[in-house]
Structures are given as structure tokens and as C-alpha cells.
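Sequence lines, in order, name chains F and G. Position 92, counted from 1, in the first sequence is what the numbering used here calls 92; the numbers after and before it change by one each time, with no gaps. Position 25, counted from 1, in the second sequence is what the numbering used here calls 25; the numbers after and before it change by one each time, with no gaps.
One or more hints might be untrue.
[Unchecked claim] Cβ-to-Cβ under 8 Å is the rule here; a few derived chain G residues that face chain F:
no., residue
1, A58
2, D59
3, H111
4, A112
5, L263
6, L264
[What the hints assert, rightly or not] Label-pair ranges, simulated between beta-carbon atoms:
no., chain 1, residue 1, chain 2, residue 2, range
7, F, L343, G, R68, 49 to 59 Å
8, F, I196, G, K204, 47 to 57 Å
9, G, D256, F, R349, 20 to 30 Å
10, G, V273, F, A299, 55 to 65 Å
11, F, L319, G, P136, 51 to 61 Å
12, F, Q168, G, R68, 24 to 34 Å
13, F, A184, G, K274, 48 to 58 Å
14, F, I136, G, F269, 26 to 36 Å
15, G, P136, F, Q168, 17 to 27 Å
[To be verified] Facing chain G, a subset of chain F residues (Cβ under 10 Å, in silico):
no., residue
16, S19
17, S22
18, W25
19, I29
20, K53
21, P57
22, M63
23, H314
It is worth saying that the hints were derived from the structure and are not from the lab. All residues carry an ideal CB built from backbone N, CA and C; glycine is no exception.
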Amino acid sequence: MRDDCLIVRAFSLPEIVASYTSYDWDVLIRQARRGDVLARLYFVLKQHQLLTKVPEPALNHLMSAWALAQKHERDLRWEVNRIQHALNETEIPIVLLKGAAYLMQNLPAAQGRFYADIDIMVPKESLPVVERALLIHGWMAVKLDVYDQQYYRKWMHEIPPMRHRRRQTVIDVHHRILPETTRAQPDAKKLLDASIPVDGYESVRTLSPVDMVLHSATHLFYEGELDHGLRDLLDLHELFLIFGENENFWNKLGERARKLELTRPLYYALRYTKGFLNTPIPQQSIRQIETEGPNWLFAPLMDALYKRALVPVHPSCDLYMTSLARWLLYIRAHYLRMPMYLLIPHLMRKAFIKEKENS
Amino acid sequence: MKISDLSLTNLKQRLGTSGIYLHTGPFVTHLQSKIPSILNNFALLYANNTLLDNEEFADFHINLATPRGLRRWYRSQVMFHFDDQVPFKPLPYQQAFPMMEWGLNWCISNHAHQYLILHSAVVEKDGFAAILPAPPGSGKSTLCAGLVNRGWRLLSDELGLISLDQLELVPLARPVNLKNESIEVIKKFAPQAIFSDDFADTNKGTVALMQAPVTSVARSNELVKPACIVIPKYRPNAATHLEHESKGHMFMHVADSAFNYSLLGLTGFETLVKLIDRCDCYTFTYSKLQEAIETFDELATVNNTIC
Chain F
1 MRDDCLIVRA FSLPEIVASY TSYDWDVLIR QARRGDVLAR LYFVLKQHQL
51 LTKVPEPALN HLMSAWALAQ KHERDLRWEV NRIQHALNET EIPIVLLKGA
101 AYLMQNLPAA QGRFYADIDI MVPKESLPVV ERALLIHGWM AVKLDVYDQQ
151 YYRKWMHEIP PMRHRRRQTV IDVHHRILPE TTRAQPDAKK LLDASIPVDG
201 YESVRTLSPV DMVLHSATHL FYEGELDHGL RDLLDLHELF LIFGENENFW
251 NKLGERARKL ELTRPLYYAL RYTKGFLNTP IPQQSIRQIE TEGPNWLFAP
301 LMDALYKRAL VPVHPSCDLY MTSLARWLLY IRAHYLRMPM YLLIPHLMRK
351 AFIKEKENS
Chain G
1 MKISDLSLTN LKQRLGTSGI YLHTGPFVTH LQSKIPSILN NFALLYANNT
51 LLDNEEFADF HINLATPRGL RRWYRSQVMF HFDDQVPFKP LPYQQAFPMM
101 EWGLNWCISN HAHQYLILHS AVVEKDGFAA ILPAPPGSGK STLCAGLVNR
151 GWRLLSDELG LISLDQLELV PLARPVNLKN ESIEVIKKFA PQAIFSDDFA
201 DTNKGTVALM QAPVTSVARS NELVKPACIV IPKYRPNAAT HLEHESKGHM
251 FMHVADSAFN YSLLGLTGFE TLVKLIDRCD CYTFTYSKLQ EAIETFDELA
301 TVNNTIC
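With the hints as constraints, model all of the structure from the sequences given.
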């Protein structure tokens, strides 16, 4: 499954960077920057005590990205503080998702990670109260046209994004992890019920370790635009490394996936972290999940598509038909999220609007 | 090998195909462009810069090109590509060369956080280095251009790079960006200086670039410790006046003018504290360039006698 993409090789077997030439480093830095994983690369090389093998010009870029990641981390911690402050009076527990969760639980997956929006989840019935509290504390709905507003409210698993008017930070408030229209229907209540507290905060929580992994996998393998595909795969890799130390984790993971109807994304997560990044996953877990994969006709196709799409969008990573692969995964993601009678008008509208913006 | 060692035809051929690997201060830029005004101005202004021997690693891969489609012919434009991506909106075709300069500044201020980066000019004479931080319009570039035409070394006209560990100023001797009236002022003041074309109607008005002095470019590897920080203020008809500035005010002023002060967090704060601690701080009002340079010369002499 692995190909010649330098950045994938560097993450799957960090020691290999010792043999990289100046030219390799040039390409590696560009691939890492495009994939938003330059600071993660710094962290991994440091962890493996390989920074001395990095030529100085390349090391400068890694250190520069690391400094930026530190800034992202400080800003995100402050943002969590502000969100907690805004929602304090509502007494509604906030469950942080993805990057914010990794950071607030001090997981290695947060090391050298860049953050764009902050994602939280609350019970669906609390949405109006949460939205109002955020509004009072300076977050405003990002301008969307009527169609997009309605689309979010009616079909999506989150309300339209809100931006803070002073800090310009964006928050996505979720009430489930997949849109209402998806065939798989993981029960949001089960996720919230199993959530765990964040140290030092009364009402800030995150998903439990197994749920965190399942959500990360679901997010990545239902996603149609994979610009951050490698970063998300690296998140999964780090989560498997740290949680996998606990033997119970692997048993619980499969069980939980079945309960939440998320075995397919888990299948991909295990298959591709191992395939791309050499993640140490117990053979038994792989065997147990194999039956949950696509059928013999589709499995090789999905491998071929993800092999092309889970790498940075950089010319040096492109293989034969990479753009077709990315396009097919984009269509697939929409198909998974919506029934045909909704999907076709939606995509036509999106294509039409895009044309209009471009002209 | 220097840019001036290449014939114009050769340079044109290389810029238009695989590109060149250019040394500017601590950075290597891989530059490609088929645009004639880039070629001509580049050949003139970067004549003394050296090319890399092995074309393997570059800090920045940039390409200036015309957009596809109608815009190639109708009100033609130029786009700045950073490793195949386009971080800015296109500019009118005539502004290709200044766009390259601004684009390079963007590359550095966004990707070189191994330095504290100040929006400032930096000049040096006999080991005495002065940082001139200031907002645009304060006469910083004019003063800087004047000084470097009277024996001062140019470290930078726009981006003061300070190494975080050693607190040293890192030279980045690139062309000096002059605006509007300053262009004529410096052309009269230093008739031997080499200038680019004038580029009218940019969002900074008319701009022209002046070649960095050949000795400044040659000494691009010589780092220097900062000795003073001077906030320049050009005021028409004002008398030349140098006065001490409080360290507290200067700290805030420099923090404000830095590109990545808050990004660097505690490191940024600690670096700035050390910088302000070791530097004499001044505000400098002037209207006559000659007198301004005399004041700076005096500062350098006094400082060197004390040391």
C-alpha cells in the first residue's frame, strides 16, 4: 500500500530520514507543509531522537512550524477557556471533539497539530440554549445563504458555524457525529453518556478513548475533501499507539463499533494506519474487522483510491489518476451522507454556484 | 557564481525553464518566471547575488506567471505562485517585479519563525548596528537608502531578522523599496545607485527598487549584535533631532512592529527583553537626509570610542 511519497515513508519509519538527501528534504518539507503536518514531523523526529540527522536548512522549517504549532496550542487552550466561560451558566456539559479533545486530554495526537475550527458536541435538545449563550458572548453565525442555512438546520449533524467577532475564531456545534441523512446512525446519546471529564474543568468533557477513535475514523472516512487526510490518519495512528497500550482497548473498540454502527470506518482506520504508517495493531483486531470491509469487488478499488487521496495534495505525491481518485471519494462521501433524491439536486446546486463564483 | 556572470540570454533561458537557486541572506529561493520585466529588473538588481552550486534544497519555490484564459491578453495580470499555490490575488502585469519582492517578504515573514522578525530596516557601520523600526510612511526606507549610500552596510530594508539564541542580526541584503517622492530624493542624493523601473499605481503609490550595495551583499554571512534602536520620523522642515526614548515605550513599539512577536510567545518576549536591554533607544526626527546621516555617523563614532 505504501508508495514513494517521502512524507509517508518518514512517518512510517522515521529512521529512514537519516538516508535522505538534500533534495529529498526539499520535497519532504514541501509535502509536509502542504499536508499541514510539518510541526507533527518535527515532533516525531524529536521523539525518535533524529533531529541531529536533519540538515540545518530543513530543520529551520521544522522549528518554525513547531513555533507556530505552539501558538495554535496556546490559542486553542484559551478558546476552550472562553467557551467554558460562555456556557458556564447553562450548566450544559460540553464535549470537545477532535483536535481540541486531543489537546485537552494531553494526548500525543495534539503534539505539533494545527487547528482551524473548534468542534464541540452537546445534546440536541440543548442546542437553542447553547446557541443563545454563544451569541451573547460574541459568537455570530457565519454568513451563509438561505439554502445553506436551511441545509445545515435540516440535514446536518451540526448547526451553521459561528465566528467570534473579536477573536475571529470559529466554533462548530454538533449534536451528532454524522448527518441525519446518513444510513449509519450512531446514537449521539450513547457517545455523550460515555464521555469523560477534562482535568481542571467542571463541565468540559471529551469522548471516551474508544469513542474518540471511532469518531476520528468516522470523520476521516466519511469525508469527501481529503486535504488533511494524512494529518487525520496520523491522529488515528497516535491514538492507536497510546490507547493500544491498554489491552482491553482493542476488545472494547470492536464491540463499541458494532454498537454504534461504525464498523466500516473502523475497518478503514485499522487497515490504512497499518498500511500507511505501520501502526502496531494486533493481528486479531485486523482479522475480526476484515469481514466488515467492502466486498471483493470494491475492496481493491477503495485501496487504490485511498492510496492516492490520503497523501498531501502536492504534485510530488500524485500518482496515475490521483485527481480522479479524489473526485470519486468526494462523490462517495456525499453518497454516504445523503439519499440520492437529496444528493443530486444538492450537488447540482453546488456545481452551479461554484461556476458562478469562478466566472 | 553571481547573477552578473550569466548573460541575459542565459538568465532568461534558465528563469523561464527550470529556474535559478538564488542566495538572499540566509535563504535560498528557487525562482522561475517567463515575464520579461522580472528578467530585466532582476538581472539589474540582483546582479551581485550568488547562485547556489547544487540545486537541491530551496527554502521557497516561487514562480511569477500570467493567469490562464482571457486575462493573458485583456488587462493582463501576474500571479505569485508559492510551491504551486497562489496565496494572493493577482496584480496588474506591470507590477510583476514589485510583486515578486513583496511575495518574497511574505515567504520570509510567514515561514521563518526561527527568527524574531521585526518590520524594520537594519544598518551597520564599523560593527555598530542600528535597527530602525517604523510604520510605513515614517521615512524608514529613505533614511536606510541614504545611509547605505554613505558607507553603512545594508542588513535589511524591510525585515529585521534576529536570531533567537544568539540575539544577532542576520543580514538579508535585498533591494531597498522606495516609494513616491523618496525615489527622486535618493536618485539625486546617490546618482550612482542602481534603480529598477518605476512601477506606478501600486497600492503603495509609485514604487521603485534600489540595488543593495555590492559590499553589503558580499558580507551576507557576517552577523552582528544590535547596538541601538532608532524610531525615525520624517517631518517636512523639521530640525534634525535625536532624543532618548524610554525602554518601556520602545519595547511596546518594537513588539507592535514585529511580525511574529505573539506567535513566538514566551520566547518572543524573552528575546525582546534582551534586545531592548542591550540597545540604546532613540526617537529621531529629521527632514534633511545629509544631516540625518551625520547624526548616525556620530552615533557610530561615539559608540565605538566608548567601546
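Okay, the hints, checked on the actual structure:
no.: 1; hint: A58; verdict: 6 Å, holds
no.: 2; hint: D59; verdict: 7 Å, holds
no.: 3; hint: H111; verdict: 6 Å, holds
no.: 4; hint: A112; verdict: 6 Å, holds
no.: 5; hint: L263; verdict: 5 Å, holds
no.: 6; hint: L264; verdict: 6 Å, holds
no.: 7; hint: F/L343 to G/R68: 49 to 59 Å; verdict: 31 Å, violated
no.: 8; hint: F/I196 to G/K204: 47 to 57 Å; verdict: 54 Å, holds
no.: 9; hint: G/D256 to F/R349: 20 to 30 Å; verdict: 46 Å, violated
no.: 10; hint: G/V273 to F/A299: 55 to 65 Å; verdict: 60 Å, holds
no.: 11; hint: F/L319 to G/P136: 51 to 61 Å; verdict: 47 Å, violated
no.: 12; hint: F/Q168 to G/R68: 24 to 34 Å; verdict: 33 Å, holds
no.: 13; hint: F/A184 to G/K274: 48 to 58 Å; verdict: 57 Å, holds
no.: 14; hint: F/I136 to G/F269: 26 to 36 Å; verdict: 33 Å, holds
no.: 15; hint: G/P136 to F/Q168: 17 to 27 Å; verdict: 24 Å, holds
no.: 16; hint: S19; verdict: 15 Å, violated
no.: 17; hint: S22; verdict: 4 Å, holds
no.: 18; hint: W25; verdict: 6 Å, holds
no.: 19; hint: I29; verdict: 8 Å, holds
no.: 20; hint: K53; verdict: 15 Å, violated
no.: 21; hint: P57; verdict: 5 Å, holds
no.: 22; hint: M63; verdict: 5 Å, holds
no.: 23; hint: H314; verdict: 8 Å, holds
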